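Asks: This is what each chain is made of:
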Amino acid sequence: DVKVTQSSRYLVKRTGEKVFLECVQDMDHENMFWYRQDPGLGLRLIYFSYDVKMKEKGDIPEGYSVSREKKERFSLILESASTNQTSMYLCASSLWDLWGQRYTDTQYFGPGTRLTVL
Amino acid sequence: DAKTTQPTSMDCAEGRAANLPCNHSTISGNEYVYWYRQIHSQGPQYIIHGLKNNETNEMASLIITEDRKSSTLILPHATLRDTAVYYCIVRGPGDGGSQGNLIFGKGTKLSVKP
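Which chain is which? The protein sequence lines are A and B, in order. Letter 26 of the first sequence, counting from 1, is numbered 699 in my numbering, and no numbers are missing. Letter 14 of the second sequence, counting from 1, is numbered 120 in my numbering, and no numbers are missing.
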């Protein structure tokens with residue numbers, strides 16, 4: 674079974690603090706993702722990485738940065754937390770798979786971190 | 107925008123089969139149908155995916171119509187723990203990089219009742 678773990682289930686921080694969210698996967702997956710999920714807005718992609726030290730911006734990268742120094746670990750950093758970054762943060766990982774003569778990737782999610790910024 | 111349409115909610119009796127429909131009338135030939143579910147306050151859980159043939163795994167079966175414009179996720183013996191929001195997602199194949207976004211629509215809230 675794929676296992677994606679996140680460092681905290683619940684986190685409370687103050688405005689202006691630097692926040693680190695860590696994600697670890699144990700299946701040697703190439704791709705890793707950070708999303709946030711807010712009521713009525715669904716999942717929004719913040720950043721993703723398809724290899725060590727590689728990163729790509731998603732739809733809402735502003736206010737965030739990421740780090741992928743090892744294949745199994747993908748960190749999301751809030752440089753200076755703000756109240757509008759209060760959200761559920763979800764990490765996912767995936768592996769390219771040949772399926773019906775085409776490649777696709779199935780994303781597996783961690784349990785989520787509910788971050789509250791006061 | 108999500109490329110799929112699902113009913114907002116459904117009920118199912120415990121032990122019975124739950125059949126969750128999804129319309130994806132604009133699906134293109136190289137796009138897959140994925141199903142995920144999300145139990146309250148947890149991360150989404152992958153269930154199954156398919157291209158054109160019906161698929162089955164330990165969690166569910168996926169029936170895709172011949173024209174691929176709709177599909178049905180079947181949970182053969184629903185339990186109370188299957189109560190969740192179920193998302194049907196259409197995604198294309200990758201081009202060597204990640205496909206990036208998983209676009210979740212509103213999904214179907216399935217309530218399994220004793």
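For the record, the hints were derived by calculation from the structure and aren't laboratory data. Possibly wrong hints are sitting among the right ones.
[Stated by the list, open to error] Straight-line distance between alpha carbons at most 20 Å, and here's what the computed SDA-like set of lysine to any residue pairs gives:
(1) B/Lys215 <-> B/Ile145
(2) B/Lys109 <-> A/Leu714
(3) B/Lys109 <-> A/Arg717
Note that this is a predicted model, so its numbers are computed, not measured.
Asks: For each hint, tell me whether it holds in the structure or not.
Replies: To see whether the hints hold, each was checked on the structure:
1. As the CA atoms of B/Lys215 and B/Ile145 are separated by approximately 10 Å, the hinted pair is consistent with the 20 Å bound.
2. For the proposed pair B/Lys109 and A/Leu714, the alpha carbon gap of about 16 Å is at most 20 Å, so the pair holds.
3. Between B/Lys109 and A/Arg717 the alpha-carbon distance is near 16 Å, which keeps this suggested pair within the 20 Å criterion.
Comparing the model with each earlier hint shows no violations; every hint is respected.
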